[in-house]
Amino acid sequence: MSNLANGMELRQSFWRKNIALLLFLPAFLLTVGILAPFGYSVVMSFTNFNLTTGTSDFIGIGNYVKLIRDPEFWNSLKVTILFTIGAVAFEVGVGFIAAYLLNLGLVGQKLWRTLFLLPVMLPPTVAAIMWKLMMAPIQGVFNYLLQLVGLPGSEWLGSSSTALLSVILIDAYVFIPFAGMIFLAGVQNLPKEPYEAAAVDGVSNWFTFRKLTIPLLKPVIIIVLLFRIMDCLKHFDIIYAATKGGPASATMTLSVQSYYHSFRWTAMGYSFAHLVVLWAIVYVLSYFLVGQWKKAVSEVHGY
Amino acid sequence: MKRISGLVMVLVLVLLVSVAMAQEDPLAYYQQAKINWKAFEGTQLTIGLNKHPFTESLRPLLPIFEQLTGIKVAYVILPEEEFFEKLLIDLSSGGGIFDVYMTSPMFEWRYQYAGWIEDLNTYWNNPELTDQAWYNRDDFYEKPLRANMWDGTIAGGLGQGRWNGIPVMVEFFCQAYRNDLREKWGLTVPTTYPDLLDTLSKAAELGKQEKPQVYGVANRGIKSWSTVHSGYFTAFSTYGQKDLNPDLTAAINTPQAKEITKIWVDILQKAGPPGWPNYTWYDAKQNFAAGRFYEITDCDFFAATYENPAQSVVAGKTGYALPPAAPNGNITSNMWTWSLGMSSLSRHKEAAWLFLLWATAPQTMLDGTLKYDNFNPTRKSVWENPAVIEKTMKWGTKPGEYREIVDAMYAKYGDIRWTPNPDVTAIGDIWAEALHEAYENKKSVDQALDDAAVKINEFMAKWKK
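From first to last, the protein sequence lines stand for chains A and B.
Counting from 32, one number per residue, gives the positions in the first sequence under my numbering.
Counting from 12, one number per residue, gives the positions in the second sequence under my numbering.
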């Protein structure tokens, strides 16, 4: 009897001791699942890993030295930053206005909200191909419409002067609803009391917007910025489907450049070096933004 | 009465025989071969296919293979660039989804080095699997067949050693132009490249008066080796130029190379499609067939689309001519051949070989061309088939105009112009970027080609002995 009791106790204490470990296991496996390929990429970025030749010899910081001397790397870094600034500004700006309009209680608000969300349900590549067709200079609908109203057509994705702007437009089409949706949730959760107090004091709408809405929404704005900046820096699918980085590298982001080196030219080691640099940029920026977000949250909620 | 009933009986007999002949068993032809077609019954093969007229000609014939062998065929079709990238990922990751895939010499050179493509000689020389007499390999035109063989020597060894793929169609690069507009506008067919520039610039100007506007020349422009490969490389090699020197350094920036590239970029800037750097061959073919261009200097076999009234408004209005000549009278054309190759990762290699034999057998190739417009044929028996002759004789401003060009290409002008090496498509991508930079006036032609040569040299350094 006492043996049995001891056994049960043992078993219970085993579970009690190890339950934490077991609960931790899925998260641990997931982390390993993410970190292992990442670690592999970092290690391989110090080799001349090439799928065609089959080599993977350690070459120290050779790939990084090559990167620094490669004008194409600097161009893609510039394009990545320009794309991110353009797309994020567009998406946050228009997303904010859209959220404001969708919160006014206009007629058919439910329908508007549903329609507004449609683009985000499209796979980005599909959206890119759809827009590419509409932007086609000869047979596309955009130039046709421009012609109807007597305006000259554009070369859209086919010219280095308009391509970056065109891919930003496509990205904005897909991700404005994402930004708008989060802003809408934020606007709906704003406390009523400060606004009532402001109304009693008779301050202007603009003053309320500047001094109340913006500071109260700051954590939400930072969250949207965080998501969109990280996503735009890593951006690949829309640009690759629409322009393949062209014309004349006008839309060649770091990810697309890295893709060329790996999946067209099989130079994996050099490709990984691009991605490690990209990771470092994303990491530093998101670290900074998360810090800002924590600060904003404590300012708003007082903790 | 007896005589009448006898006549009726004879008539019925004739009718029955003709019905039987009309519904002749499509398998009978293949069953004449000394091949055990049923040896791998129940196997499933997956074929990787590019979105291409050849693919469209193969698909309706697949049930015959399935019936003949009891092998199931699944396939994946992707647009060209995406197809090659998906294939590379499948092969390099060891995924092994595809047993058979569409390929071409330029890609086989890489796949051979990476160990991703089977040497078909192994299967060809196995009498258990192959009936050489029935298959009649000598029926293939030598150029596309040789182009798919390589012994692995960098900058040499073509037509020797391993057999990587069986050619299923071949294309050269000629001029196709709107003869109706040529007559209306009083233009001539260009015979030199400066002449081509002049004619197309005029056409682009005159086309602005048409409704809808007619543009000058359709030619693909995406950032890819294929942009370099077609009309541009044809002009480039006509001027006696090579991509690489014998020591594997880039030769794309010689004075003559710069001269012809300047003319080419000038043509594109003055008469090319708007948004040329994003323009694919799919766009070029469709837009020319839709009557939106005066000329196209891309694939010759697009003629099959232009001359099909169901797909084109320029049927019967198109003229075909050889590419223009260099100042010394020289004419060349590059050659592209789509082939079927076998993945080294395939788990059903013998079954895959049976598929290759069937898909490239004389009858299958003939059906593909005659019924489903797969051009240009790689087998002489198909190109010389009376029904194929009858069909293609009509293409052009005078009988046999198109056929004469293909014959001349096979006999004299056309061949694969790239220097064999595993990184040839990377070289082409870099070179295409130089054309973009010059077209966009980011750099002068000289500067763009010089810069690209430096990059190519970096790429090729690893292949120097």
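Calculated from the structure, these hints are not laboratory results.
Virtual Cβ for every residue (Gly too), placed ideally from N, Cα, C.
There may be inaccurate statements among the hints.
Straight line, CA to CA, 30 angstroms or less: simulated DSS-like cross-link-like pairs of lysine-lysine [said to hold, decoys possible]:
| hint | chain 1 | residue 1 | chain 2 | residue 2 |
| --- | --- | --- | --- | --- |
| 1 | B | K475 | A | K97 |
| 2 | B | K476 | A | K97 |
| 3 | B | K466 | A | K109 |
| 4 | A | K109 | B | K402 |
| 5 | B | K62 | B | K97 |
| 6 | B | K473 | A | K97 |
| 7 | A | K265 | B | K475 |
| 8 | B | K453 | A | K97 |
| 9 | A | K109 | B | K219 |
| 10 | B | K154 | A | K109 |
| 11 | B | K49 | B | K83 |
| 12 | A | K265 | B | K97 |
| 13 | A | K242 | A | K109 |
| 14 | B | K454 | A | K265 |
| 15 | B | K154 | B | K475 |
| 16 | A | K97 | B | K154 |
| 17 | A | K97 | B | K281 |
| 18 | B | K382 | B | K219 |
| 19 | A | K97 | B | K454 |
| 20 | B | K269 | A | K97 |
| 21 | A | K265 | B | K466 |
| 22 | A | K97 | A | K109 |
| 23 | A | K97 | B | K97 |
| 24 | B | K154 | B | K195 |
Here are the simulated distance ranges between beta carbons [unchecked claim]:
| hint | chain 1 | residue 1 | chain 2 | residue 2 | range |
| --- | --- | --- | --- | --- | --- |
| 25 | B | I400 | A | Q178 | 38 to 48 angstroms |
| 26 | B | S455 | A | W310 | 36 to 46 angstroms |
| 27 | B | I100 | A | V328 | 37 to 47 angstroms |
| 28 | B | K453 | A | Q178 | 25 to 35 angstroms |
| 29 | B | Q458 | A | F89 | 28 to 38 angstroms |
| 30 | A | L149 | B | D191 | 42 to 52 angstroms |
| 31 | B | V465 | A | L66 | 54 to 64 angstroms |
| 32 | B | Q224 | A | N220 | 53 to 63 angstroms |
| 33 | A | F89 | B | A321 | 18 to 28 angstroms |
| 34 | B | E93 | A | P102 | 25 to 35 angstroms |
| 35 | A | V172 | B | D150 | 44 to 54 angstroms |
| 36 | A | M161 | B | E96 | 36 to 46 angstroms |
Far from chain A, by Cβ distances over 10 angstroms, these chain B residues were calculated [said to hold, decoys possible]:
| hint | residue |
| --- | --- |
| 37 | I100 |
| 38 | R121 |
| 39 | T141 |
| 40 | Y152 |
The hints, checked one at a time:
1. B:K475 <-> A:K97: holds, 20 angstroms
2. B:K476 <-> A:K97: This hinted pair holds, its Cα atoms lying about 22 angstroms apart.
3. B:K466 <-> A:K109: Roughly 20 angstroms separates the two Cα atoms, so the pair holds.
4. A:K109 <-> B:K402: Answer violated: K109 of chain A to K402 of chain B is near 55 angstroms, above 30 angstroms.
5. B:K62 <-> B:K97: holds, 13 angstroms
6. B:K473 <-> A:K97: holds, 15 angstroms
7. A:K265 <-> B:K475: violated, 36 angstroms
8. B:K453 <-> A:K97: Since the Cα atoms of K453 of chain B and K97 of chain A sit roughly 23 angstroms apart, the hinted pair holds (cutoff 30 angstroms).
9. A:K109 <-> B:K219: Since the Cα atoms of K109 of chain A and K219 of chain B sit roughly 38 angstroms apart, the hinted pair is violated (cutoff 30 angstroms).
10. B:K154 <-> A:K109: violated, 46 angstroms
11. B:K49 <-> B:K83: Given that 30 angstroms is the threshold and the Cα spacing comes to 12 angstroms, the pair holds.
12. A:K265 <-> B:K97: Cα-Cα ~21 angstroms, so holds.
13. A:K242 <-> A:K109: With Cα atoms ~35 angstroms apart, K242 of chain A and K109 of chain A exceed 30 angstroms; violated.
14. B:K454 <-> A:K265: Given pair K454 of chain B, K265 of chain A holds - Cα atoms ~29 angstroms apart, limit 30 angstroms.
15. B:K154 <-> B:K475: holds, 27 angstroms
16. A:K97 <-> B:K154: violated, 40 angstroms
17. A:K97 <-> B:K281: violated, 38 angstroms
18. B:K382 <-> B:K219: The given pair, whose Cα atoms are some 38 angstroms apart, is violated under the 30 angstroms limit.
19. A:K97 <-> B:K454: holds, 23 angstroms
20. B:K269 <-> A:K97: Between K269 of chain B and K97 of chain A the Cα gap is close to 28 angstroms, so the pair holds against 30 angstroms.
21. A:K265 <-> B:K466: Holds, at roughly 25 angstroms.
22. A:K97 <-> A:K109: Measuring from Cα to Cα gives roughly 17 angstroms; hence the hint holds.
23. A:K97 <-> B:K97: holds, 28 angstroms
24. B:K154 <-> B:K195: violated, 39 angstroms
25. B:I400 <-> A:Q178: 38 to 48 angstroms: Because 45 angstroms falls inside the window, the suggested range holds.
26. B:S455 <-> A:W310: 36 to 46 angstroms: Because 37 angstroms falls inside the window, the suggested range holds.
27. B:I100 <-> A:V328: 37 to 47 angstroms: holds, 42 angstroms
28. B:K453 <-> A:Q178: 25 to 35 angstroms: Given a distance of about 28 angstroms, which is inside 25 to 35 angstroms, the answer is holds.
29. B:Q458 <-> A:F89: 28 to 38 angstroms: holds, 36 angstroms
30. A:L149 <-> B:D191: 42 to 52 angstroms: Holds, at about 45 angstroms.
31. B:V465 <-> A:L66: 54 to 64 angstroms: violated, 38 angstroms
32. B:Q224 <-> A:N220: 53 to 63 angstroms: Roughly 54 angstroms apart at Cβ, these two residues keep to the hinted range, so it holds.
33. A:F89 <-> B:A321: 18 to 28 angstroms: Given a distance of about 60 angstroms, which is not inside 18 to 28 angstroms, the answer is violated.
34. B:E93 <-> A:P102: 25 to 35 angstroms: holds, 28 angstroms
35. A:V172 <-> B:D150: 44 to 54 angstroms: holds, 48 angstroms
36. A:M161 <-> B:E96: 36 to 46 angstroms: Given range 36 to 46 angstroms: violated, Cβ gap about 21 angstroms.
37. I100: I100 of chain B is in fact no farther than 10 angstroms from some Cβ atom of chain A, at 6 angstroms.
38. R121: violated, 5 angstroms
39. T141: Per Cβ check, T141 of chain B is outside 10 angstroms of chain A; nearest 30 angstroms; holds.
40. Y152: Given a closest Cβ separation of 29 angstroms, the condition holds.
Hint check: violations occur at hints 4, 7, 9, 10, 13, 16, 17, 18, 24, 31, 33, 36, 37, 38; the rest are consistent with the structure.
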